[in-house]
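*Asks:* Single-letter residue listing:
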Amino acid sequence: MRHTLSVLLQNKPGVLSRVTGLFSGRGFNIESLSVAPTLENEVSCLTLVTKGDEAIIEQITKQLHKLIDVIKVTDMAEHEFVEREMALIRVKAEAGSRAEVLRVIDIFRGKVVDVAPKSYVVEVTGSPTKIKAIIDILRPIGIQEIVRTGSVAMTRGVK
Amino acid sequence: MQITGAQALMKCLTEQNVDCIFGFPGGAVIDIYDELLRHPEITHVLVRHEQAAVHAADAYARVKGDVGVALVTSGPGATNTVTGIASAYMDSIPIVVFTGQVPTTLIGNDAFQEVDIVGITRPCTKHNYLVKDVKDLVPTIREAFHIARSGRPGPVLIDLPKDVMAGKLTFPEPAPVQMRTYRPTYEPHPGQIDKACREILKCSRPVLYIGGGIIASKASAEVTELAKKLNIPVTMTLMGLGGFPGTDTLSLGMLGMHGTYYANMAVANCDMLIAVGARFDDRVTGKIAAFAPQAKIIHIDIDPSSISKNVKVQVPIVADCKRALADMNHWFETTAEVDPKAVAARHEPWISQIKEWKTAHPLGYIEETGVIKPQFVVQKLHELTGGEAIICTEVGQNQMWAAQFYQFDKPNHWMTSGGLGVMGYGFPAAIGAQMAAPDKVVIDIAGDGSIQMNIQELATARQYRCPVKIAILNNNYLGMVRQWQELFYNKKYSATVLDVAPDFVALAKAYGAVGLRATTPSEVEPVIKEALATKNTVIMDFVVCREEGVYPMVPAGKATTEMLLV
Chain A
1 MRHTLSVLLQ NKPGVLSRVT GLFSGRGFNI ESLSVAPTLE NEVSCLTLVT
51 KGDEAIIEQI TKQLHKLIDV IKVTDMAEHE FVEREMALIR VKAEAGSRAE
101 VLRVIDIFRG KVVDVAPKSY VVEVTGSPTK IKAIIDILRP IGIQEIVRTG
151 SVAMTRGVK
Chain B
1001 MQITGAQALM KCLTEQNVDC IFGFPGGAVI DIYDELLRHP EITHVLVRHE
1051 QAAVHAADAY ARVKGDVGVA LVTSGPGATN TVTGIASAYM DSIPIVVFTG
1101 QVPTTLIGND AFQEVDIVGI TRPCTKHNYL VKDVKDLVPT IREAFHIARS
1151 GRPGPVLIDL PKDVMAGKLT FPEPAPVQMR TYRPTYEPHP GQIDKACREI
1201 LKCSRPVLYI GGGIIASKAS AEVTELAKKL NIPVTMTLMG LGGFPGTDTL
1251 SLGMLGMHGT YYANMAVANC DMLIAVGARF DDRVTGKIAA FAPQAKIIHI
1301 DIDPSSISKN VKVQVPIVAD CKRALADMNH WFETTAEVDP KAVAARHEPW
1351 ISQIKEWKTA HPLGYIEETG VIKPQFVVQK LHELTGGEAI ICTEVGQNQM
1401 WAAQFYQFDK PNHWMTSGGL GVMGYGFPAA IGAQMAAPDK VVIDIAGDGS
1451 IQMNIQELAT ARQYRCPVKI AILNNNYLGM VRQWQELFYN KKYSATVLDV
1501 APDFVALAKA YGAVGLRATT PSEVEPVIKE ALATKNTVIM DFVVCREEGV
1551 YPMVPAGKAT TEMLLV
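Those sequence lines, one after another, are chains A and B.
Taking our numbering, the leading residue of the first sequence gets 1, the next gets one more, and so forth.
Taking our numbering, the leading residue of the second sequence gets 1001, the next gets one more, and so forth.
Because the hints were derived from the structure by calculation, they are not lab data.
All the given hints hold, so there is nothing to weed out.
Output of the computed footprint for chain B on chain A, the stretches with three or more beta carbons under 8 Å from beta carbons of chain B:
| hint | region |
| --- | --- |
| 1 | 8-14 |
| 2 | 17-29 |
| 3 | 60-71 |
Each residue gets a CB set at the ideal place from its N, CA and C atoms; glycine is no exception.
The whole structure should be built from the sequences, with the hints applied where relevant.
*Replies:* What follows is the structure, encoded as structure tokens:
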């Protein structure tokens, strides 16, 4: 099963390598990973999407906790949460397909952030399923390149 | 007053009560070695290979029950420590390893003797540091010692660039280490203790399965009290030997691949397994599905990630083993409706069943006239040292025979590379143990293969007048692999025959040590007696039965009840 883990880390040299090394060394799988500072400068939040059964997720969580620089691990599966990802998509946009591309982007509430003679760069934000949906729709028109941020997630409600 | 980084390092060592370190100098640590000359209160043991420094620090830590320290230079000095560090990590031994590093200005330049040792050792240390600013040096060292010795202990590495050692700082006042992210759980949850004890009341065939955590948390007295109070048989992992008296009637000896028949049978048939400071290693469990299939499992461990890692447990207790066991003992003594004597009496039929297993297949070997059996040598060592020696081992058959036949009654007398299985561990470990306990008899039980992996340490042993005794069970084979080849590879002895071997007696003499040899059973006792009476390093070369095997043996991947017996 797919799990989104939110990991608060001390922002120290090598800390990301400790996390990724743990995953490769123990044969766990990383689907996506994103990391950036939080309100506190010395603390970073790492959002990581992984797959595994209950026992594997339990081991991943415990092993992450065991790293000295890890402050807190939250398995989003135990909470109500929102998850978002951003993608930049370079899609073919020639005379015949420009209008169609714009319509699709509008439906997904994306925007065009760069225009070239034969292509657009489209920015779209949403849940991973929404990103997948727009990719599926644009693919027949001609996607030239995709860059995705990986998921970030936050629990819902009052903290 | 400003002092140098190297001076601050010495002050930190004194602050941590370090009186002996193991090391090897080099360009990047030359400032530290210069400073060391001004600190006669710290004994420096100059090893002949950096791997040996770490094994020696490891055994020093085990004997002292505190942190061991190694100091090496950058590059190859640092990479040579990796095996020792990985071994200490697997066995949860508290050590701090200081490695030299090229000056901060050269880091990343592929400088002479530069290596990213922090990167290399990240997966085999509990934590590691590169000190880039001399202001961070003292807090880092204090934190490193704290991490090494607390919680589930382990190795910590500190990489020290040369300019940081020469840099100046004001030595900060001693302060307790406060860490935001690292707070091991020592106190057991009272609700879990209650639940565990009530589960024990319900069972009729309990087994205590104890590991290295008993030694690390100094919980021998508490586990012995629990076992005796409730009449529960105790089996030990390789790392747990000595945690409960091996000669006690409730002892089942070691379990697992080369465990006793009765330990494996007891675990397979028990209805309650109380695992304390053990981690359900594959050498213990064999085929997981067939491990303790009828048992409810209580698991006490300070490391939450050890719990339910390999085997799902019903009652997890995250705590220091000593405190959890003390609380359980207290529970059984003070809970109104519980009578420990009645509980103990209820286990009597189970104890009788175990006695039957013990009688049916005791640990043993077949004697042959005129041929020295390796097990006989270990038995004689036990007899002639009164079971009081510190025993170190190499890895392979020698290690298993030592574990089986030297019955350990006390903790901290058994040094073996249990998790990583390092050939070459035992001899440097013996030197470390002897430095920690100068008045003890220290014996390295070795094979003729393993001993050659760190044989150069004969010079170290001689230089520091370590009267360690090396008992080589010499069969001219890499015996354990040969045994597997005999049993599972059609006797095709690929690369396990040691055709060219040194004359170990002459080798000992070349280093100024004493060499003795026994080729018949009647020579074993006189050789051991002479060795024990000698105040010098001694090699005892026992020419043993060449194709003797270690039994019982559970073939890899089989259930632990599918043992090959003597």
